[in-house]
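A.B. asks: Sequence:
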Amino acid sequence: MRSIWAGAISFGMVVIPVKLYTATEQRDVAFRQVHREDGGRIQFRRFCSIDGQEVPYSDVAKGYELATGDVVVLTDDDLKELPLATAKRIDVLHFSPAGQLDSILANKAYYLEPEPAGVRAYVLFRDALERSGRVAVAKVAIRQREALAALRVRDGVVVLETLLWPDEVRAPDFKFLDEDVDIRSQELKMAASLIDTMTEDFDPSLYKDTYREALEALVQAKIEGNEVVRPAGSAIPANAPGGPADLTETLRASVEAAKASRSKDADDDAPSVPPKTVPQKQRKPAASRRKKSA
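FYI, the numbering for the sequence shown is 34 to 327, going by our numbering.
Rather than coming from a laboratory, the hints here were simulated on the basis of the structure. Here the structure is a predicted model, which is why all the values come from computation and not from measurement. Relax, there's no trap hidden among the hints.
Simulated crosslink set (SDA-like; lysine to any residue; CA at most 20 Å straight-line):
{"no.": "1", "residue 1": "Lys95", "residue 2": "Val105"}
{"no.": "2", "residue 1": "Lys52", "residue 2": "Ala174"}
{"no.": "3", "residue 1": "Lys172", "residue 2": "Leu197"}
{"no.": "4", "residue 1": "Lys172", "residue 2": "Trp38"}
{"no.": "5", "residue 1": "Lys52", "residue 2": "Gln177"}
{"no.": "6", "residue 1": "Lys113", "residue 2": "Lys172"}
{"no.": "7", "residue 1": "Lys255", "residue 2": "Asp71"}
{"no.": "8", "residue 1": "Lys121", "residue 2": "Ala154"}
{"no.": "9", "residue 1": "Lys241", "residue 2": "Val252"}
{"no.": "10", "residue 1": "Lys95", "residue 2": "Asp110"}
{"no.": "11", "residue 1": "Lys141", "residue 2": "Leu196"}
{"no.": "12", "residue 1": "Lys172", "residue 2": "Val202"}
Required output: the full structure, derived from the provided sequences and hints.
C.D. replies: Here's what the structure looks like:
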């Protein structure tokens with residue numbers, strides 16, 4: 034695994050240097066949008082809705098649209114001026130009973146690995162937290178966005194779980210909640226009995242994604258049946274086998290390609306000098322729909 038963030042847990046007067054790793058991943062079959070006729074990849078480009086010109090990423094800014102249609106343009110320099118005290122710190126605010134954290138607030142989980150200099154303090158904090166039966170409520174900023182978070186222990190590792198802010202959870206507003214539904218006591222007893230009959234310990238290893246397996250089998254069948262389109266201009270790798278490809282290897286190559294693509298996108302996100310081939314014109318900010326900042 035590769036760490037995506039480095040900082041420290043701030044726990045009273047104790048500072049524990051740590052690295053952050055994504056704890057979960059989506060295992061899905063990745064598809065690209067292609068032209069049905071020849072398999073050519075569909076590409077999306079950024080165009081200005083006013084002058085129709087393609088816009089390099091270095092000229093793209095965040096825009097907040099007003100009700101009047103006017104747009105407030107925010108630059109990277111504007112955003113740098115905003116206070117973000119938790120940019121490099123997991124700031125423990127207090128501790129709470131684990132049962133008080135509503136599961137609907139759960140967002141994304143990360144593993145925390147201690148830096149060599151902070152192993153002892155990390156283990157001390159981990160053991161004390163685990164014995165307490167509580168979770169640490171904290172604040173942390175990841176990718177320039179501050180989040181509420183919970184620290185808990187799993188398999189000997191401190192896990193940071195980002196939480197949604199309370200105002201990000203929608204209130205359930207359904208008509209049936211105001212209806213007076215009559216439930217007979219015998220019906221309730223039968224339902225409770227059925228629940229008792231179907232109750233067993235939860236073992237996640239007993240479950241699998243049957244749809245993904247069927248999708249992988251479908252792709253493999255097409256590979257073995259040579260139902261493959263080679264887009265014009267794409268070369269066959271020198272070490273490509275002669276027979277049907279193995280789906281595992283194909284998917285592994287797809288994962289590597291996706292990682293390389295994400296790495297390239299990350300590099301593109303950094304401010305850079307626009308290519309000389311792209312004509313530079315002074316443009317007015319385009320009106321855009323209001324979007325929540327990522």
